[in-house]
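Start from chain A and add chain B according to the hints.
Sequence order for the protein chains is A and B.
Numbering (this note's numbering) for the first sequence: 1 to 351.
Numbering (this note's numbering) for the second sequence: 352 to 966.
To be clear, the hints were calculated from the coordinates, so they are not data collected in a lab.
Don't take every hint at face value.
[Unchecked claim] Counterexamples of contact, computed for chain A against chain B with all Cβ distances above 12 Å:
no. : residue
1   : 18
2   : 61
3   : 64
4   : 74
5   : 223
6   : 302
[What the hints assert, rightly or not] One-sided excerpt, in silico: chain B residues whose CB lies under 10 Å from chain A:
no. : residue
7   : 573
8   : 631
9   : 779
It should be emphasised that the depicted structure is a prediction, and the values quoted were computed from it without experimental measurement.
Using N, Cα and C, we set each Cβ at its ideal position, and we do this for glycine too.
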Amino acid sequence: MTYIAKPKFHHPGLKKNELGYTHRDYEGKISTLCAGCGHDSITASIIEACYELSIEPHRVAKISGIGCSSKTPDYFLGNSHGFNSVHGRMPSVLTGANLANRDLIYLGVSGDGDSASIGFGQFAHSIRRGVNMTYIVENNGVYGLTKGQFSATADRGSKSKKGVTNTDNAIDLVAIALQLGATFVARSFSGDKTQLVPLIAAAIRHKGASFIDVVSPCIAFNNHAGSTKSFDYVREHNDAVNRLDVLVGRDPIAVDYAPGTVQVVEQHDGTRLALRKLDADYDPHDRLGAMTFLQKHAAKGQIVTGLLYVDPDADDMHEHLNTVETPLNALEADTLCPGSAVLDKINASLR
Amino acid sequence: MSDKKPISSVNDFVVRFANVNGSGSASANEMFARSILRHGVPVSPRNIFPSNIQGLPTWYEVRVTEDGHLGARGGVDMMVAMNPQTWDKDVAGIEPGGYLFYDSTKPMPSTKFRDDITVIGVPLTAITNSTYTDPRQRQLFKNIIYLGSLSALLDMDPKLIEQLIGEQYKGKEKLLSSNVHALHLGRDWALQNLKCPIGLRVKKSDKVGDRIFIEGNSAAALGAVYGGATVCAWYPITPSSSVAEAFTAHCKKYRHDPATGKANYAIVQGEDELASIGMVIGAGWNGARAFTATSGPGISLMTEFIGLSYFAEIPAVIMNIQRAGPSTGMPTRTQQCDIIACAYASHGDTKHVLLFPEDPAEAFEFAAASFDLAERLQTTIFLMLDLDIGMNHRLCRPLKWDDARQYDRGKVMTAEMLEEGRDFGRYLDVDGDGIPYRTYPGTHPTKGSYFTRGTSRDRYARYSEEGPVYADNMQRLVRKFETAQDLVPRPLQANAERPTKYGVIYFGSTSPAMDEAIGLLEARGHQLDRLRIRAFPFHSSVASFLAEHDFVYVVEQNRDGQLRQLIVNENGIDPVRLVPILHYDGSPITARFIAKAIGDHQDHLKVTPLRKAVS
Chain A
1 MTYIAKPKFH HPGLKKNELG YTHRDYEGKI STLCAGCGHD SITASIIEAC
51 YELSIEPHRV AKISGIGCSS KTPDYFLGNS HGFNSVHGRM PSVLTGANLA
101 NRDLIYLGVS GDGDSASIGF GQFAHSIRRG VNMTYIVENN GVYGLTKGQF
151 SATADRGSKS KKGVTNTDNA IDLVAIALQL GATFVARSFS GDKTQLVPLI
201 AAAIRHKGAS FIDVVSPCIA FNNHAGSTKS FDYVREHNDA VNRLDVLVGR
251 DPIAVDYAPG TVQVVEQHDG TRLALRKLDA DYDPHDRLGA MTFLQKHAAK
301 GQIVTGLLYV DPDADDMHEH LNTVETPLNA LEADTLCPGS AVLDKINASL
351 R
Chain B
352 MSDKKPISSV NDFVVRFANV NGSGSASANE MFARSILRHG VPVSPRNIFP
402 SNIQGLPTWY EVRVTEDGHL GARGGVDMMV AMNPQTWDKD VAGIEPGGYL
452 FYDSTKPMPS TKFRDDITVI GVPLTAITNS TYTDPRQRQL FKNIIYLGSL
502 SALLDMDPKL IEQLIGEQYK GKEKLLSSNV HALHLGRDWA LQNLKCPIGL
552 RVKKSDKVGD RIFIEGNSAA ALGAVYGGAT VCAWYPITPS SSVAEAFTAH
602 CKKYRHDPAT GKANYAIVQG EDELASIGMV IGAGWNGARA FTATSGPGIS
652 LMTEFIGLSY FAEIPAVIMN IQRAGPSTGM PTRTQQCDII ACAYASHGDT
702 KHVLLFPEDP AEAFEFAAAS FDLAERLQTT IFLMLDLDIG MNHRLCRPLK
752 WDDARQYDRG KVMTAEMLEE GRDFGRYLDV DGDGIPYRTY PGTHPTKGSY
802 FTRGTSRDRY ARYSEEGPVY ADNMQRLVRK FETAQDLVPR PLQANAERPT
852 KYGVIYFGST SPAMDEAIGL LEARGHQLDR LRIRAFPFHS SVASFLAEHD
902 FVYVVEQNRD GQLRQLIVNE NGIDPVRLVP ILHYDGSPIT ARFIAKAIGD
952 HQDHLKVTPL RKAVS
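Chain A extracted, bound-state conformation (with noise of 0.2 Å):
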């Protein structure tokens, strides 16, 4: 077995989006990884994110790095171009494809020992320069292909299955993507589908970097007791500061929020992301107020999650390059090439 191919075929009723896609057309391979893992229900959050976005399946770019969730680009929308890359390299590739062409969807899927150990210096270099993509970590706190070492998101006292404990301190990347200047930030649970499908929605529909940790158990190697990744302890110790929807076009602000208890925010496309608030305090347009909050709560054991920081007026890579509007990979030798009139004067300004 080396590759599965998918049945084509499938039930005439399927629901369609505004493009006339069904979710089929949004899926890709038969996923290879194991029974139960949690990045299979985060790739069915980003088919059902992309199918309710209506967006056009190839005009998305899925890259990633190396290791499981690097793998899942492979089984999401499969009429996508995707580039399994090198380890801990998905945000240089991801960028460079970004410069080529401004117009596509860029979609980075990494995990945790891709983003947090080997690439974390790619990681944090994307963010700043504010490339314009959707950054989802799928994180497990260990390296899953290689049967289960720590990877640098591991708590601190946590124990591995075979029942060694973790005494390097974590990285927490929502921490460090807030401080680096990411214009969308938020931490989710695969095993919560409803809270993760809007953010990665929201995210895709931001302009400027993007950031979604996502807490993925692994089924085979990290979800014992001892585990601060496991499915019983995330659930436990989840704290959702809000819960988002996601208002594409005309669609009118659902009539049963409470009064005051829902924050609208308006991106630079249009989309509107209605906030359910959780935590009457919490305010996801203060950087300073969230990497606060997150270190509090992070302090009594709590996994804070939702849509922790928005800037709806970010701006991007290409603006800070100030780059032509059409992509760079459609220009021809006639806009690009100075010609030999021009050549025969850097000559005679050479003698």
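Here is chain B on its own, set in the frame of chain A:
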């Protein structure tokens, strides 16, 4: 007093300036070189500098050469000794009968000089201090003052230097006139107090022609502009940084949309070389022409990505401005020492295309061509420059561009082709050249997408660990590399006047020294056919050249004879017939070195020089 006759030479001598890094001498020294060019006399200047910003010794050497020998000569006929720190070594380095020019403001003990040279003292500090009060002005104008004195001593036309100053400070009248004033301060002092001219003289000639004077790095960057590069990702490293800096400067001039002012390019300074090559590969995958510029340590860091580019077949251009390794090595010294590291970069079975320009003109041409080659061959192309070409001004033929030339974007399957029902297999060889079609991301809603990966896959880009499928792909990559042989610049052969069993192979920055050495060897009666290799994979003419000669010298600037290893390995020939001629102390190779090494070997072989045999 001199006990050796002073050297007398017109338009054929070497002047070396010994300065302190950061003293502002570079522009005055460069003006000296340029003003000789304006006399119609070719020069070949070289910066010899430490890995330092301020304080350490730096030298600038100008070879004045009516015959147009642009390689380093070796030896110094006149030393402009402006650095007390290196005085003893500088004085010792002057050829017997040569000249020492120094600042005589403070008296020096006679033991600090030599009897067999002509000592010329000009009180530069005294002249400067009596004219200028600002310390920075004193430092800068002192350089122009010695330029003025030299112009008198070497019999140069001051009008030509004034003209250069006028061009440099166009629109800045104050700077212009103060520089001209300083020039004449030095010149007039020399004319009034010294015997001018000395034995070394610059005489007007017409040997420069329409040639231009440019650094290889700037020319390569200009080649990238003309070759359609739109993405440059780089990380600063000597001696390559000026490639990206020149690309930035050229793009600012020539690559902004006239209507909107927006940039038709993107330049990103990466956080390291890994990110730089990662961005290049991401951009290349997405259909933009992308490059990075680096040097040895950067190549080491990039090798994992280079393997990805080879195996996943993604266009990329890497300009490697070589410096002396290994490790940090000598960052400001030249070598050709990354041949093996680049030819076989990365783990597993890999081979890469290398281009070896000999001067800035070829750096321009090959840089532009490398983007066509990268997209045609869908792999990494290395442009192998070195510090000697990259960071020195070199006289070379004018840059040329054919306006009818279109970019070769390679085999790209479009939405229309997919609509027509063309069979798209990302790694499917449809016509035997080993090169498959690719699609850009976002091409078609339902056709032509594929999953790019560094893992093994079948002809339709589906993951596979089947042995035959893997081997099939690896064989196709060999076929593709064979196709590359006919696409890359061919070797250039120049035969000796008479048939000979001896040949010499060389490449890159060795060119001018080799050309000159051939003359020296011929004078000793040694006839050699020459082959200048311009690319790897080697064209079949390399094997023919080897077959036609009993012994072939391979001249290169590294310790281990890396090109020779590559030739032996790729052609499966008897290594005994390939004689390594190796220069690797970090200085540019000279004609004298080559002629001596080859001449001695020929003598060792007991070859009777033809002239003797005939007479």
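Against the structure shown, which of the earlier numbered hints fail to hold, in ascending order?
-> When the structure is compared with the hints, numbers 2, 3, 4, 9 turn out to be violated.
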